[in-house]
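Student: Below are the chains, spelled out letter by letter.
Protein chains: 4
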Amino acid sequence: MAQFLLIHCPDEPGLVYKITGVLFRHNLNILRNGEFVERENSQFFMRTEFAGDFEPAVLLAELQALLPAGSSIRFSSNHPKDIVLMATKEHHCLSELLVRHAFGELNARVLAVISNYEVLGDLARRFDIPFHFIPHQDKTREAHEAEVLAALAQYRPEFVVLAKYMRILSSEFVAHYPNRLINIHHSFLPAFVGASPYAQAYERGVKIIGATAHFVNEQLDQGPIISQSVIPIDHTQSAREMAQAGRDVEKIVLARSLKLVFDEQVFVNRNKTVIFD
Amino acid sequence: MAQFLLIHCPDEPGLVYKITGVLFRHNLNILRNGEFVERENSQFFMRTEFAGDFEPAVLLAELQALLPAGSSIRFSSNHPKDIVLMATKEHHCLSELLVRHAFGELNARVLAVISNYEVLGDLARRFDIPFHFIPHQDKTREAHEAEVLAALAQYRPEFVVLAKYMRILSSEFVAHYPNRLINIHHSFLPAFVGASPYAQAYERGVKIIGATAHFVNEQLDQGPIISQSVIPIDHTQSAREMAQAGRDVEKIVLARSLKLVFDEQVFVNRNKTVIFD
Amino acid sequence: MAQFLLIHCPDEPGLVYKITGVLFRHNLNILRNGEFVERENSQFFMRTEFAGDFEPAVLLAELQALLPAGSSIRFSSNHPKDIVLMATKEHHCLSELLVRHAFGELNARVLAVISNYEVLGDLARRFDIPFHFIPHQDKTREAHEAEVLAALAQYRPEFVVLAKYMRILSSEFVAHYPNRLINIHHSFLPAFVGASPYAQAYERGVKIIGATAHFVNEQLDQGPIISQSVIPIDHTQSAREMAQAGRDVEKIVLARSLKLVFDEQVFVNRNKTVIFD
Amino acid sequence: MAQFLLIHCPDEPGLVYKITGVLFRHNLNILRNGEFVERENSQFFMRTEFAGDFEPAVLLAELQALLPAGSSIRFSSNHPKDIVLMATKEHHCLSELLVRHAFGELNARVLAVISNYEVLGDLARRFDIPFHFIPHQDKTREAHEAEVLAALAQYRPEFVVLAKYMRILSSEFVAHYPNRLINIHHSFLPAFVGASPYAQAYERGVKIIGATAHFVNEQLDQGPIISQSVIPIDHTQSAREMAQAGRDVEKIVLARSLKLVFDEQVFVNRNKTVIFD
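Residue numbers (this note's numbering), protein chains in the order written: chain A, 531 to 807; chain B, 531 to 807; chain C, 531 to 807; chain D, 531 to 807.
Because the hints were derived from the structure by calculation, they are not lab data.
Accuracy of the hints is not assured; some may be wrong.
As the list makes no split between identical chains, a pair holds if one copy fits it or if it spans any two.
What the hints assert, rightly or not - Pairs of lysine-lysine residues, derived as DSBU-like cross-links and limited to a Cα-Cα distance of at most 35 Å, are as follows:
| id | residue 1 | residue 2 |
| --- | --- | --- |
| 1 | K619 | K548 |
| 2 | K669 | K611 |
| 3 | K548 | K789 |
| 4 | K802 | K789 |
| 5 | K548 | K669 |
| 6 | K802 | K548 |
| 7 | K789 | K619 |
| 8 | K802 | K619 |
| 9 | K669 | K619 |
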């Protein structure tokens, strides 16, 4: 299994030399290395894949001694992440993730599916995944979210994935999973924020539509973007046909973005992402 | 030279049959035919490329008798369109169009270049195109636009192309060239309307940037879109590097859109376009 | 349900007029119309979507009387096509089709899955589709194909889809399903014909890989191409990583191509396709 | 001006640490760093952009002492490269490069244009570039190439760019500019090697066409690929229309590939490239 060293710290001269020196002295062999310096705010990011036996606490101490104050230093063994999926009525993103999961392609363990409708329960059961139907009708947003949070809590997921979950989540909800809540939005953000992006796209007469996978923060459709993709359309397509065509883009973008996150290739840098691929 | 019949009218049964019947009875041979019915507003669009000798007035009368009231019926011989190009300081769109023009690839005659800076004058002169330097400094918008309109008027252009002309035009100006003023906007509209779209894209952390060619109407960056194109970017690119990368997209999208318009492939349908390709 | 008139005949003047005239006189309303003339061989193709009640035999007779000898004239009600899927060990194309089928998105009824390995049986069963395991080991090609043909025959499929079926089929086999056997090839044909295209792509050092859906004819990977798609790659990707990345392209290209075929949007024109979309 | 350290050597543990140590001890600040290990042949590639004053000979000696035998170690100041362009009759690639050159966007000095036809002479002169018309008619290949080599020799170019030069060059010619001769091929290699790729693409009925920029080696269209790009096409396009559509792809791919090479982002690794971007 691959091992990763993940560092985010203020930039200063000699960081690569210092960090690789620690690994070298411990006889750890670097398999792949990526660095990025964000000049605007002088931030240093480094992702190192390495091989060899090591004592994490010892290396961490050595690295902390060498690196500037405020450094984030983390080891990861690239284990499959524990996740819960949330969806509403559309199946395509959920299907995509359940199929990949069933064949071990997601680097994750899908612990459960939560939905505010019952329609996707059959799909989850076909793949032997627990399905929680938590309707929102006749409930306040707070009451419904409390139920969802309770259902989530029992699984202690590392990430929660909104696979076409069509309800807006409150800031309070989002705060439970900071940088751990991932959404697929069915437009090429920041175009067509909010509801019915395909209807908006149709109205505007655009010639390309897209999809955006992003971390969710407290502002609607404003979180750090992980990945985007697009397809061409033309005047002959209705909003409904655009939505159909867009499904393929949505599910592939979401699945790839999750793979990037679960494989520890994504750093969040304020409201953006730094991605090593 | 190709000949086109271009019809836009309210939809009703039998239109294709009636129109092709007129052509058939006059021994005109259809080379390519495209129709589109926009159901929402029940609008019929048809573009027919045909061969053979004909008397336009006669055919027009026959077609008018057959088609519903409010029909737009037009013949075009696909002649090179008379155009004037406007630019500011960036050369890439202007270069692209002047090169294509020099080699007869634009289906247009570039009559002049107008700019509010002097920097692109050398480029225009290399291609033997008259260059009008009309600075805007120390002038009201009205005064400046009046000078530009006067310069344009002497050329009687069929189309005016904003090839990275970086000043906002007033509604009064736009009204002189309804559906005849074409702009390239350096973003994937409707994302990043207005100034500095690459800086906005950098701030937002998008993973794809684009460009949009559109007809100009009275609302900023809201006119009917002709064509759009995109390229992937990543976190390593500054706003300036995005702008550099975006240039290739801008110039190709603009050139292709002009070709579509000049080859009579584009209908304007309210705030959208119908394109036959 | 949509109704289609599908015509392929030698080109001559007045075809559109004559054909639409028949429809008009029978009070059939054209919803969408596409024509294409292939000039090289003077072939005319027309696909008309229309609404209204009609007597197929009557219209057929009228059309046959008007159209040149050798015309192919066909009505289709766009019914779901009966199909059988064939696969080997890789799941991604089969999963994609079974999911779409389960949610009614394929315009087809999947009658069975046939495989020369047992590994995908579990997947088929999750979607309640009969699975035929027909191993090829210790059999001649003829013997194995005879078994497969026998299994197919009981379902009388309109189309057979090779969803990553990794054995080459004999001309005799192919002849049973002329223009009704569809394959996904995991390269951007005609590059990398035959086995191990990703290994070939890695060796050659290409910067883009792709996938091709095509009708199968008697020559390996030479049949009429329905659709192709590509993704960028770079020097960091091994042949195995290219194969992983290519899966998303393969399955989407195959699914879209099937939709085009099943929705009667595809004509075969010698070794090419004419596609109305 | 940016400074680069470019290293290619057999892989072994500790290389990044050793190399960055030399830079750190000389107070050179790393601005951007890229490494790649090609596992198949255990080759290490590193490109480091750095700032600060240094004595190349001293650093080189230190690095040579630390790195394995057979290492290629090179400093580059990213100066504009001296180049000569070769073309035949088509202008689009030559125009693109001359325009970019005129506006300082190519990181190169175009010293001359050589052509076997006279038609592009006017274009070269518009940009004040010396034009050598060296016709091939009535000459043996050897005699013609000798003339071209003589013309090239007087400019001592670092790179020779074949901007749609439509004659095949002999191995003897190519040997004069190893890894310094760059060609644009008008197909998505390895599809459609050799002459008339668009005619081949039309015949095959492909749905996507492309272009490939590559270093030229002794085998036709087999040299290391720098960059490729594609565009969708359909059955309505003739070979000639494909060629027109392909021009935009060709010129952009060539221009971007040259920028990558001239900015020292490209390593040749046997018959492939390693590209740091």
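Student: Against each hint, give a clear statement of whether it holds in the structure.
Tutor: Results of checking the hints against the structure:
Taking the shortest alpha-carbon separations for K619 and K548, neither the intra-copy value of 51 Å nor the inter-copy value of 46 Å comes in at or below 35 Å. Only within a single protomer do K669 and K611 lie at most 35 Å apart by alpha-carbon distance; the minimum there is 32 Å, versus 44 Å between protomers. Taking the closest pair of Cα atoms, K548 and K789 come within 35 Å of each other both inside a single copy (30 Å) and across two copies (33 Å). Taking the closest pair of Cα atoms, K802 and K789 come within 35 Å of each other both inside a single copy (18 Å) and across two copies (28 Å).
When the C-alpha separation of K548 and K669 is checked against a cutoff of 35 Å, the pair qualifies neither within a copy, at 56 Å, nor between copies, at 59 Å. Within a single copy, K802 and K548 get their C-alpha atoms as close as 27 Å, and across copies as close as 33 Å, so both meet the 35 Å cut-off. For a Cα distance limit of 35 Å, the shortest separation of K789 from K619 qualifies both inside one copy, at 24 Å, and across copies, at 23 Å. Taking the closest pair of Cα atoms, K802 and K619 come within 35 Å of each other both inside a single copy (30 Å) and across two copies (31 Å).
In this assembly of identical chains, the alpha carbons of K669 and K619 lie at most 35 Å apart only when taken from the same copy (19 Å versus 47 Å across copies).
In summary, the numbered hints that this structure violates are 1, 5.
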